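Can you make the complete structure from the sequences, with help from the hints?
Protein chains in written order, with the working numbering: chain A, 62 to 175; chain B, 138 to 417.
To be clear, the hints were calculated from the coordinates, so they are not data collected in a lab.
Worth double-checking, as some hints may not be accurate.
[Unchecked claim] Listed below are several chain A residues computed to face chain B (Cβ distance under 10 angstroms; list not exhaustive):
1) G89
2) R97
3) G101
4) I103
5) Y104
6) P105
7) K138
8) R162
[What the hints assert, rightly or not] So the derived label-pair ranges between C-beta atoms look like this:
9) B/Q310 to A/L70: 46 to 56 angstroms
10) A/R117 to B/S360: 14 to 24 angstroms
11) B/H401 to A/R77: 26 to 36 angstroms
12) B/S360 to A/A65: 47 to 57 angstroms
13) A/L70 to B/S191: 17 to 27 angstroms
14) A/L151 to B/H339: 33 to 43 angstroms
15) B/G294 to A/R162: 45 to 55 angstroms
[Claimed, not checked] Rough simulated footprint, nothing fancy, chain A against chain B, three-plus residues with beta-carbon under 8 angstroms:
16) 322 to 330
17) 369 to 375
This one's a predicted model, so the numbers in the text were calculated from it and none came from an experiment.
Glycine included, every Cβ here is placed at the ideal spot set by N, Cα and C.
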Amino acid sequence: MGQAPRMTLQTQYVLRALLADPAGEHYGLQICAETRLPAGTIYPILARLERAGWVRSSWEDPAAHVAEGRPRRRYYKLTDEGAELARDALERVERSRVKLRAGALRSDAPGVSW
Amino acid sequence: MNRGPVKRDVDENDGLAADLLQAVRAARPDADIPLIVKAYLAAESWHRGQLRKSGDPYITHPVAVAVILVGMDADDPTLCAALLHDVLDDTSCTKDVLQTEFGHEIADLVEQVSAMNTAGDQLGTVAITSPAAEAAGDSRVLLIKIADRLHNMRTIGYLPAATQVDKSEQTLQVQVPVARALGADSIGAELADLASATLRRHQAPPTATGRMLFVSAVLLPASMRSRWREEWLAELQTLPTRRARGVFAGQILLGIGRMSVTLHSAHVRHRRRSRSKFRT
Numbered sequence: 062m063g064q065a066p067r068m069t070l071q072t073q074y075v076l077r078a079l080l081a082d083p084a085g086e087h088y089g090l091q092i093c094a095e096t097r098l099p100a101g102t103i104y105p106i107l108a109r110l111e112r113a114g115w116v117r118s119s120w121e122d123p124a125a126h127v128a129e130g131r132p133r134r135r136y137y138k139l140t141d142e143g144a145e146l147a148r149d150a151l152e153r154v155e156r157s158r159v160k161l162r163a164g165a166l167r168s169d170a171p172g173v174s175w
Numbered sequence: 138m139n140r141g142p143v144k145r146d147v148d149e150n151d152g153l154a155a156d157l158l159q160a161v162r163a164a165r166p167d168a169d170i171p172l173i174v175k176a177y178l179a180a181e182s183w184h185r186g187q188l189r190k191s192g193d194p195y196i197t198h199p200v201a202v203a204v205i206l207v208g209m210d211a212d213d214p215t216l217c218a219a220l221l222h223d224v225l226d227d228t229s230c231t232k233d234v235l236q237t238e239f240g241h242e243i244a245d246l247v248e249q250v251s252a253m254n255t256a257g258d259q260l261g262t263v264a265i266t267s268p269a270a271e272a273a274g275d276s277r278v279l280l281i282k283i284a285d286r287l288h289n290m291r292t293i294g295y296l297p298a299a300t301q302v303d304k305s306e307q308t309l310q311v312q313v314p315v316a317r318a319l320g321a322d323s324i325g326a327e328l329a330d331l332a333s334a335t336l337r338r339h340q341a342p343p344t345a346t347g348r349m350l351f352v353s354a355v356l357l358p359a360s361m362r363s364r365w366r367e368e369w370l371a372e373l374q375t376l377p378t379r380r381a382r383g384v385f386a387g388q389i390l391l392g393i394g395r396m397s398v399t400l401h402s403a404h405v406r407h408r409r410r411s412r413s414k415f416r417t
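What follows is the structure, encoded as structure tokens:
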């Protein structure tokens with residue numbers, strides 16, 4: 062496993078889209094549609110996730126795309142370990158967000174006195 | 138180089154031969170296994186020390202060609218000739234030797250396959266459509282050439298880009314129609330597929346948006362360019378409208394800087410790691 066990717070908001074969206082069907086194969090345009098992120102954003106994220114070993118990519122089987130008369134697609138899939146790490150990372154982000162919100166509501170919290 | 142076949146049995150650890158024999162047995166229970174083993178051992182011995190561009194031992198190629206032919210219901214002489222198809226061109230083995238060891242039929246097949254190599258690069262259009270080839274009437278020679286090309290196309294990534302383009306164009310013009318004419322439709326489809334994918338990887342596509350994507354990939358590390366080009370052009374091609382294609386290409390272009398940094402930094406880090414390994 063490489064270095065863990067930074068959990069930017071966009072990275073979280075991409076991971077959620079992949080985790081919605083963890084065993085399934087996803088392709089770029091599909092992830093764009095599901096996350097509503099532009100193509101120029103998701104490909105660098107996918108490249109980083111792949112480098113970290115969370116995601117694996119491979120070319121589509123010839124039988125499928127030849128039948129549909131289009132060029133082969135590159136498919137992305139979470140690795141087993143990647144799916145686990147992604148779930149953990151998303152959970153951690155979620156927890157810190159809840160904590161942040163709770164902190165902001167406290168009147169004596171630093172930074173809100175003014 | 139004077140290495141004739143010495144061994145008579147397949148080494149038990151020889152996975153390559155084991156895979157081949159397993160495929161043969163599964164497809165044709167009546168196959169002459171000892172003859173095929175003999176052809177394999179001879180080819181392995183003649184090509185020993187030679188490597189494919191991929192770095193694999195050369196023998197992996199004729200074996201792969203033979204396995205493709207097993208899938209096409211080829212007979213024993215064809216399988217043996219496939220195993221031996223490069224020994225006349227690439228080793229010091231002579232036709233006389235083949236004839237003594239394997240008889241006329243196999244020696245003739247191998248010789249005809251070699252003759253096609255010398256008569257204009259592999260299976261030139263002239264060679265197949267010429268009356269001479271038709272008179273020879275041995276479609277088995279063509280089958281071997283088609284299987285040979287299929288394995289070469291499967292491993293074309295190891296060749297220089299210009300050669301990849303030449304071979305792919307030739308494949309579409311010559312080998313694909315020949316494969317179809319021989320009734321090998323699935324082989325023809327795979328050849329067409331590999332050739333057009335290779336051409337897409339190396340040639341700028343004709344539409345303006347396609348060209349834009351193609352050119353922007355220049356910013357990526359050279360070793361990864363072709364993959365991303367192919368991936369993006371494939372996505373582009375499935376978009377229904379010109380507007381959608383324009384938006385997609387524009388977004389990629391906007392993100393190409395970040396993509397470039399991501400991929401290049403992975404590169405550099407990898408290099409640094411391997412360098413520090415050398416130091417310790």
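Status of the hints after comparison with the structure:
Taking 10 angstroms as the C-beta contact cut-off toward chain B, the hint placing A/G89 at the interface holds, the least distance being around 5 angstroms. Checking A/R97 against chain B: minimum C-beta separation of about 12 angstroms lies over 10 angstroms; hint violated. At its closest, the beta carbon of A/G101 sits 2 angstroms from a beta carbon of chain B; the interface hint therefore holds under the 10 angstroms criterion. The beta carbon of A/I103 is positioned within 10 angstroms of a beta carbon in chain B (closest approach about 8 angstroms), and the interface hint is therefore held.
The interface hint given for A/Y104 holds, since its Cβ lies 6 angstroms from the closest Cβ of chain B, which is under the 10 angstroms cut-off. For A/P105, the interface hint holds, since its Cβ comes within 10 angstroms of a Cβ in chain B; the closest pair sits about 4 angstroms apart. Hint status for A/K138 relative to chain B: violated, with the closest Cβ pair at about 15 angstroms, above 10 angstroms. Checking A/R162 against chain B: minimum C-beta separation of about 30 angstroms lies over 10 angstroms; hint violated.
Between B/Q310 and A/L70 the beta carbon distance is about 51 angstroms. The supplied range of 46 to 56 angstroms therefore holds. Hint check: A/R117 to B/S360, Cβ distance near 18 angstroms, so the stated range 14 to 24 angstroms holds. A C-beta distance of roughly 28 angstroms is found between B/H401 and A/R77, which places it inside the suggested range of 26 to 36 angstroms. For B/S360 paired with A/A65, a C-beta distance near 24 angstroms fails the hint of 47 to 57 angstroms.
Against the hinted window of 17 to 27 angstroms, the Cβ-Cβ separation of A/L70 and B/S191 comes to about 43 angstroms, which falls outside the hint. A beta carbon spacing of about 40 angstroms between A/L151 and B/H339 agrees with the range 33 to 43 angstroms that was offered as a hint. Judged by the Cβ atoms, the range 45 to 55 angstroms given for B/G294 and A/R162 holds: they are separated by roughly 52 angstroms. With 3 residues having a beta carbon nearer than 8 angstroms to a beta carbon of chain A, the region 322 to 330 of chain B meets the requirement of three or more and the stated coverage holds.
Judged by the Cβ-Cβ criterion of 8 angstroms, the region 369 to 375 of chain B is covered by chain A as claimed, because 6 of its residues qualify and three suffice.
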